[in-house]
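Given chain S's structure and the hints, the job is docking chain D onto it.
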Amino acid sequence: MSLYITTLLVYVGVDVMACWGLNLQFGITGINNFAFIVFQAAGAYTAAVLSLGPQSGNGGFQQYLFGASLPFPIPILMGGVIAGVLSLLIGLITLHRLRSDYQAMVMLVIAVIGTIVVENLGSFLNGSAGLALIPQPFVNNFSSPVDYQWAFVAFTAVACLVVYFFLHRITSSPLGRALRAVRDHEFAAAALGKDVARLRMFSFVVGGVLAGLSGGILVSFITAWSPGSWLYVETLVLLTAVIVGGTGNNFGVMLGALLVPVVFNEVTRYLPQFGRPGLIDALQWIMIGSLALLFLWFRPQGIVPERRRRFRAPDAAPEAKLPPGTPAAAEPQ
Amino acid sequence: MNAGLQSTAAALLGAAQDGSSVLEARAIVRSFGGVNAVDGVDLQIHPATVTGIIGPNGAGKSTLLHVLAGSIHPSSGTVLMRGRDITRLSSHRRAHSGLIRTYQISSEFRRLTVLENLLVAATDQRGEQFRVLLLGKRWWRRQEEANVARAWDLLARFGLVDLANEYAGELSGGQRRLVEIMRALMAEPKILLLDEPMAGVNPTMARTVEGHLRELGQEGIAMVIVEHELAVLGRLCERVVVMASGKVIADGPMAEVRARQEVIDAYVIG
Numbered sequence: 000m001s002l003y004i005t006t007l008l009v010y011v012g013v014d015v016m017a018c019w020g021l022n023l024q025f026g027i028t029g030i031n032n033f034a035f036i037v038f039q040a041a042g043a044y045t046a047a048v049l050s051l052g053p054q055s056g057n058g059g060f061q062q063y064l065f066g067a068s069l070p071f072p073i074p075i076l077m078g079g080v081i082a083g084v085l086s087l088l089i090g091l092i093t094l095h096r097l098r099s100d101y102q103a104m105v106m107l108v109i110a111v112i113g114t115i116v117v118e119n120l121g122s123f124l125n126g127s128a129g130l131a132l133i134p135q136p137f138v139n140n141f142s143s144p145v146d147y148q149w150a151f152v153a154f155t156a157v158a159c160l161v162v163y164f165f166l167h168r169i170t171s172s173p174l175g176r177a178l179r180a181v182r183d184h185e186f187a188a189a190a191l192g193k194d195v196a197r198l199r200m201f202s203f204v205v206g207g208v209l210a211g212l213s214g215g216i217l218v219s220f221i222t223a224w225s226p227g228s229w230l231y232v233e234t235l236v237l238l239t240a241v242i243v244g245g246t247g248n249n250f251g252v253m254l255g256a257l258l259v260p261v262v263f264n265e266v267t268r269y270l271p272q273f274g275r276p277g278l279i280d281a282l283q284w285i286m287i288g289s290l291a292l293l294f295l296w297f298r299p300q301g302i303v304p305e306r307r308r309r310f311r312a313p314d315a316a317p318e319a320k321l322p323p324g325t326p327a328a329a330e331p332q
Numbered sequence: 000m001n002a003g004l005q006s007t008a009a010a011l012l013g014a015a016q017d018g019s020s021v022l023e024a025r026a027i028v029r030s031f032g033g034v035n036a037v038d039g040v041d042l043q044i045h046p047a048t049v050t051g052i053i054g055p056n057g058a059g060k061s062t063l064l065h066v067l068a069g070s071i072h073p074s075s076g077t078v079l080m081r082g083r084d085i086t087r088l089s090s091h092r093r094a095h096s097g098l099i100r101t102y103q104i105s106s107e108f109r110r111l112t113v114l115e116n117l118l119v120a121a122t123d124q125r126g127e128q129f130r131v132l133l134l135g136k137r138w139w140r141r142q143e144e145a146n147v148a149r150a151w152d153l154l155a156r157f158g159l160v161d162l163a164n165e166y167a168g169e170l171s172g173g174q175r176r177l178v179e180i181m182r183a184l185m186a187e188p189k190i191l192l193l194d195e196p197m198a199g200v201n202p203t204m205a206r207t208v209e210g211h212l213r214e215l216g217q218e219g220i221a222m223v224i225v226e227h228e229l230a231v232l233g234r235l236c237e238r239v240v241v242m243a244s245g246k247v248i249a250d251g252p253m254a255e256v257r258a259r260q261e262v263i264d265a266y267v268i269g
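Going line by line, the protein sequences match chains S and D. Numbering-wise (numbering that gives the first Met the number 0), the first sequence opens with residue 0 and increments by one. Numbering-wise (numbering that gives the first Met the number 0), the second sequence opens with residue 0 and increments by one.
Isolated chain S (complex conformation) (with noise of 0.2 angstroms):
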């Protein structure tokens, strides 16, 4: 039971994180990124890689390239740097010529490539078997099983509150705003001085980079890391995860983060079986497009809104000076 516990807190970190990154690229500033799961994957293998060691290691029975033994945490955090090189690169050939529709439908395509390359490209991450036996960070430090597991839950923990607080200082800031515009009217914020190419690309990588970090801390967990773990739909369940919380705002986002990927998976995983098999993870999948597109229709702003900024007026306001001759400005709406 504890196991269970664990692990499934360790998944609401991981699913938290992600969908912050999401936010902060879809719901903060408008890009339609629906190739999220691959920075997430990106990350994990990198994490991987660099914990395997030599291919040589384990028999021999993996074939994977960049093979390393590096000490904890520097593969999670190379898992994330890689994530972002390669937001990086997708986004100079997608954020600045493409818009909207187009943007989400090559970005689609892209997390289709992603996993054909990997899976048939065998000696780049070891194809459609993926990689296992993946060694699990600071275990020789703790005697029992039980405790290490707690121990990875509190560093799971820790890992959110950072990335809690660091993107609160962003969306927080004047740059949250700008992004906030870019998101609103894109033009619009261009002809107010805002280098809306710049500030897409730094929400694009800053939110790929948070996957790859989730998909580190993730295959440090489960130790182990394949195609199947990452396919196309994977981005979806995020995303709703984002929808339902509410877009722009980080608390909601954790509650949908918690509600969708894992309360959601949870209490399917306890329905009785009926049916042909695999109808209940079938119908699981549309019960999540179902309930994005049920919030997008009746709830948009999610389950908790964007937060609005107020501004306390100063104490002595100017009095309104309308020019001569014309009526008050503040018309009824």
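Be careful, since some hints might not be right.
To be verified - Now the stretches of chain D that chain S is said to cover, found in silico as 3 or more residues with beta-carbon under 8 angstroms:
{"hint": "1", "region": "74-83"}
{"hint": "2", "region": "157-166"}
{"hint": "3", "region": "217-224"}
What the hints assert, rightly or not - A short, non-exhaustive set of chain S residues, derived as facing chain D with CB atoms under 7 angstroms:
{"hint": "4", "residue": "Pro173"}
{"hint": "5", "residue": "Leu174"}
{"hint": "6", "residue": "Ala177"}
{"hint": "7", "residue": "His184"}
{"hint": "8", "residue": "Ala189"}
{"hint": "9", "residue": "Ala190"}
{"hint": "10", "residue": "Gly192"}
{"hint": "11", "residue": "Asp194"}
{"hint": "12", "residue": "Arg197"}
{"hint": "13", "residue": "Phe273"}
{"hint": "14", "residue": "Arg275"}
{"hint": "15", "residue": "Arg311"}
{"hint": "16", "residue": "Pro313"}
Everything labelled a hint here was simulated from the structure, so no lab data went into it. For glycine and all other residues, C-beta sits at the position ideal for the given N, C-alpha and C.
This is chain D only, laid out in the frame that chain S set:
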């Protein structure tokens, strides 16, 4: 021609002759699929003047404004700002130089409050730099407070203090126009390009917008206004440029250009 018009025309002629234009378009052509929306336009905007651009639908007015603002690049021709070639400069770099535009369709940041809309436009914000953010709020708080104070002043001037914390997307059409104008002012413009500022605005609010624009003109901001309301332009602008089929067909004071046969033909025949 009465004495007032004569003196205005003389002033314009003088400004043109001394070459003191703040913004200049030279032989601008912009084509879309073989059709020249703007076809060889030359235009000089002088300091502290209000210039109107009028013409029938499809005349190329908005396209010309896009080219001047850098939203689209011309197929050929040159745009100069205070003598500097800015033809290939992006719109955000032009904005840094003080060339600010508004849009024909309201372009408010709808999920930002009115005050935030204004704050976005403040120039050279330290808090927009990532490395400054990492250092902490104390590195940008003071500038932010100054910007907030300036935004409140603008809201007070435009009589919209009560709406400061409302979402811009929830305002009426006229209020959105005012937000756009305030936002442009927050960016400290030297040249203001306004694309149909009266579009979708009720007559009462239109008079308010007009009053504010007149004030801005008197404060010395060079303005270019594309507008269909000829009466409004007649009251606001010293000079009106008439376009038809992508070309400038008349240029001068409103009373003068309205009397010209080619202008009447362009409006009546199209």
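Evaluated hints:
Requiring three or more residues with a Cβ within less than 8 angstroms of a Cβ of chain S, the coverage given for the region 74-83 of chain D is violated, as only 0 such residues are present. Under a criterion of three residues with beta carbons nearer than 8 angstroms to beta carbons of chain S, the stated coverage of the region 157-166 of chain D is upheld, 9 such residues being counted. With 0 residues having a beta carbon nearer than 8 angstroms to a beta carbon of chain S, the region 217-224 of chain D misses the requirement of three or more and the stated coverage is violated. Residue-level restraint check for S/Pro173 holds (minimum Cβ-Cβ distance to chain D is 3 angstroms; threshold 7 angstroms).
Taking 7 angstroms as the C-beta contact cut-off toward chain D, the hint placing S/Leu174 at the interface holds, the least distance being around 5 angstroms. The criterion of a C-beta within 7 angstroms of any C-beta in chain D is met by S/Ala177, whose closest approach is roughly 5 angstroms, and the hint holds. The interface hint given for S/His184 holds, since its Cβ lies 5 angstroms from the closest Cβ of chain D, which is under the 7 angstroms cut-off. Interface hint status for S/Ala189: upheld, as the beta-carbon distance to the closest one in chain D is roughly 5 angstroms, under 7 angstroms.
Interface restraint check for S/Ala190: the shortest CB-CB distance to chain D comes to about 5 angstroms, inside 7 angstroms, so the restraint holds. Hint status for S/Gly192 relative to chain D: holds, with the closest Cβ pair at about 4 angstroms, below 7 angstroms. Interface restraint check for S/Asp194: the shortest CB-CB distance to chain D comes to about 5 angstroms, inside 7 angstroms, so the restraint holds. For S/Arg197, the interface hint is violated, the least distance from its beta-carbon to any beta-carbon of chain D being 9 angstroms, above 7 angstroms.
Look at S/Phe273: its Cβ only gets to about 43 angstroms from chain D, farther than 7 angstroms, so that hint breaks. Using the Cβ-Cβ criterion of 7 angstroms, the hint placing S/Arg275 at the interface with chain D is not satisfied: the shortest such distance is roughly 45 angstroms. Here the hint on S/Arg311 is broken, as its CB sits about 9 angstroms from the closest CB of chain D, past 7 angstroms. The closest approach between the C-beta of S/Pro313 and any C-beta of chain D is roughly 5 angstroms, which is under the 7 angstroms cut-off, so the hint is satisfied.
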